[in-house]
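These protein sequence lines are chains V and C, in that order.
Under numbering that gives the first Met the number 0, the first residue of the first sequence carries the number 0, and numbering increases by one thereafter.
Under numbering that gives the first Met the number 0, the first residue of the second sequence carries the number 0, and numbering increases by one thereafter.
Quick caveat, the hints were computed from the structure, so don't treat them as lab data.
It cannot be assumed that every hint is accurate.
As the list claims (entries may be wrong) - Each pair of labels, with its calculated beta carbon distance range:
id: 1; chain 1: C; residue 1: K404; chain 2: V; residue 2: K300; range: 58 to 68 Å
id: 2; chain 1: V; residue 1: H157; chain 2: C; residue 2: R126; range: 14 to 24 Å
id: 3; chain 1: C; residue 1: E96; chain 2: V; residue 2: N25; range: 29 to 39 Å
id: 4; chain 1: V; residue 1: Q4; chain 2: C; residue 2: P62; range: 22 to 32 Å
id: 5; chain 1: V; residue 1: G60; chain 2: C; residue 2: R267; range: 52 to 62 Å
id: 6; chain 1: C; residue 1: V5; chain 2: V; residue 2: P61; range: 45 to 55 Å
Note that the Cβ used here is the ideal one computed from N, Cα and C, for glycine as well.
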Amino acid sequence: MSTRQPYDGIVIAAPVTIPYRRYSTNTAHWWVGRAVREVLQRAGLKSADIDGLSLSSFTVGPDTAVGLTQHLGLSPRWLDHVPLGGASGVVALRRAARAVQCGDAEFVVCVAGDTNQVDSFRRMLSTFSRFAQDAVYPYGSGGPNSGFALITRNYMKHYGATREDFGKICVAQRDNALKFPYALMKKPLTLDEYLGARAISDPIHLFDCVMPCAGAEAFLVCREDVAKGQGMPAARLLATIERHNAFPDDPIQYRGGWVMDVPELYAMAGVTADDVDFVQTYDDYPVICMMQMEDLGFCAKGEGPDFVRSHTLTADGSFPHNVSGGQLSVGQAGAAGGFLGLVEAVRQVTGESLGAAVPDAKIGLVSGFGMITYDRGLASGAALLAGGNA
Amino acid sequence: MTEPLVRPKRKNPLKKTRVPLLPQGVRSRTALGLTEAAAEGRFRLQVCADCAAVIYPPRDACPRCLSARLPFRDVDNRGTLLAETTIRTSTDVYFRERMPWRIGTVQLDAGPSIVAHLHGDLREGERTRLALKLDKSGQAIAMALPAEDTPNMADDPQWRELTCDPKFRRVLITDGRTAVGQALAEACSKAGASVVFVGIADPWKPFPGEEKLRKLERVEIVALDLTDTISVNECAGEYAPRVDILINTAEYVRTGGIIERKGLTVAREELEVRYFGLTRLAQSFGPVLRARGADGVNSAAAFVNLLSVYALANWPAYGAFSATEAACLSAAQSLRAELRPGGVKVLNVFFGPLETEWYQAVPPPKVAPSALANATVRALQQGLEDVFVGDIAEDIRARLAVSPKALERELGS
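Using the sequences and the hints given, assemble the complete structure.
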């Protein structure tokens with residue numbers, strides 16, 4: 000297989016989070032509009048300067064990205080729609096980076112935003128995919144909770160992970176979230192509270208689940224010299240990977256597409272897993288975090304439980320993980336959940352953290368995972384970011 | 000081990016009857032191949048005609064070789080339950096009132112992994128048999144059963160949602176003067192029905208088999224004349240709220256084609272008994288059945304039509320009869336859609352010539368009334384929607400699947 004070209008000279012700037020709300024009477028368009036406006040303000044740009052737009056949203060229908068150009072008054076020459084849920088942040092970045100690198104666009108705004116109206120989550124579940132409609136939703140209609148319960152159950156049985164191990168991940172993220180102003184979860188979480196929570200779909204319990212909410216996240220992709228010219232702090236993109244429907248013959252998911260590409264990720268960046276200062280995994284459920292610790296090379300397959308037991312996972316710990324609290328504590332604002340870790344990583348390496356700052360954070364690893372259309376997450380991706388001096 | 004069902008207590012008439020709700024019944028067109036298999040109790044999945052890959056969920060391109068030739072074929076239903084979960088929270092109103100609900104991932108020996116409902120006697124890691132069943136929405140779902148039968152397994156609550164088991168249900172057999180009606184009364188009584196109402200027109204007139212019928216356990220004779228709208232309405236007024244399974248055994252068998260009938264008297268009588276009889280039953284009992292589809296252990300479950308297999312293709316030796324049966328089949332299809340909101344199934348039992356006086360001149364093989372009755376009860380216990388009883392019925396079905404035109408010529412020669 001041919002190796003891909005490096006992403007030299009590409010940076011990510013103007014990280015934006017529009018504070019989440021549990022429910023919103025506004026539309027996805029409203030949330031996306033606010034995020035794009037804030038990117039422009041932070042970058043000192045006008046709408047006319049934006050020549051690239053990448054949109055991720057589940058609730059913007061019946062519109063797509065092109066409808067949003069007219070809605071927002073943008074005239075980009077490069078346009079993308081990334082309906083990849085939890086992988087949308089990394090994938091939007093990877094594609095935008097290539098567009099900028101090749102000169103197809105100078106300033107690409109990548110934005111993800113979703114609303115959450117009182118009944119919108121339920122309505123989305125039954126129509127999420129054709130396979131969900133034909134082969135998942137009629138089976139108890141447990142939504143992603145029951146799908147991931149099966150994956151979690153299988154992982155626990157094979158690798159000896161316990162609820163305490165998953166609890167440690169969730170409790171550490173809550174600690175991080177308490178310092179992050181936009182987190183919806185404001186109360187501390189103890190391991191006992193985690194273990195004592197009500198069962199949702201065994202072995203998934205309440206604090207293993209994200210809370211659907213409304214919100215938006217966005218960032219700007221441009222060339223490093225252009226960002227310098229604008230006086231914007233920016234994170235360099237060292238490497239990034241994307242993979243879909245990896246290992247289709249695994250009877251039940253115990254690994255993700257990262258396994259296929261992670262050697263190239265580190266090789267392209269010229270770093271190893273040991274050089275990474277903090278990790279933002281995609282945390283729709285804690286078992287997926289553990290799977291990413293293995294598949295992204297921090298420990299071998301099956302050693303995830305021991306790895307979690309031997310580390311502290313808070314922002315000031317031995318393995319800083321989901322340092323703004325992740326979706327488990329901040330909330331899952333639809334496709335913006337796939338941007339949350341990336342946007343926070345940009346803040347961390349550029350020294351703009353709003354909450355708990357990882358001490359001396361130079362290199363961050365961001366991972367994305369999404370779209371359980373039948374029995375497993377199909378999309379995976381990862382990116383290595385570095386601050387200006389790394 | 001499955002807890003045996005307890006006979007339901009008499010219902011408090013002041014209590015609200017639970018409104019029937021349905022699980023989501025929307026499917027892609029391709030996935031309806033599973034529904035077709037489930038309707039007849041077969042286990043069929045798509046098998047690629049080019050590379051033999053067994054495919055699930057249903058697709059329109061083979062994920063191994065991209066072939067578009069993906070017919071549904073009988074497949075080995077054995078596998079292993081890899082992982083299970085007990086769902087305790089659902090966004091769906093049907094499942095919300097049936098929590099907790101178990102599902103699991105089954106790896107079939109034939110290849111694919113299937114998310115399935117779980118029978119209560121099946122545990123994680125065990126071997127399993129998968130069955131395709133119709134749920135209350137009328138669409139196919141997969142259910143994983145223990146590898147071997149277990150005691151009382153038909154009483155499992157998740158399984159009973161999918162079947163129309165006569166056990167502890169109340170059955171109405173609409174015509175007890177026929178041999179088939181009497182055989183069905185016996186079969187339903189044996190299958191554990193709480194009561195079997197047997198309709199008899201003019202019950203003061205004696206009829207063959209009456210003595211034996213009256214001696215059957217839990218059988219109650221009721222006045223019912225299917226050719227009389229007032230009689231059907233009166234019967235429904237008294238019994239409809241207590242009928243969970245209605246089996247229409249009305250029969251009217253006469254030889255001859257359309258020309259040979261010479262006039263409309265016999266044709267009218269035929270329609271009066273069969274087509275209009277069915278219509279009267281549907282209009283008077285249908286609304287009550289539909290409203291009681293979720294009424295506990297003895298919820299309304301099924302409307303059963305006994306249909307000559309010649310409803311599907313006319314047999315000119317019994318040409319006018321075949322046409323009337325076809326009318327009844329068409330009505331049954333409408334009835335299926337009309338009863339679906341209540342989660343009530345319409346079971347069509349297709350049979351060939353019977354071992355009765357009206358088929359005297361027809362050579363064997365013929366179907367014994369008891370065989371037809373037992374097959375009907377089995378179909379209810381399995382929750383089927385279409386069943387073919389006897390060699391002739393199976394033969395007609397097979398030939399029809401190959402060429403309806405060839406079958407028309409063959410039956411007419």
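Right, here's what the structure says about each hint:
1. C:K404 with V:K300: 58 to 68 Å: At 60 Å between Cβs, range holds.
2. V:H157 with C:R126: 14 to 24 Å: 19 Å, holds
3. C:E96 with V:N25: 29 to 39 Å: The hint (29 to 39 Å, Cβ to Cβ) holds, given that C:E96 and V:N25 are roughly 33 Å apart.
4. V:Q4 with C:P62: 22 to 32 Å: 30 Å, holds
5. V:G60 with C:R267: 52 to 62 Å: 57 Å, holds
6. C:V5 with V:P61: 45 to 55 Å: Roughly 52 Å apart at Cβ, these two residues keep to the hinted range, so it holds.
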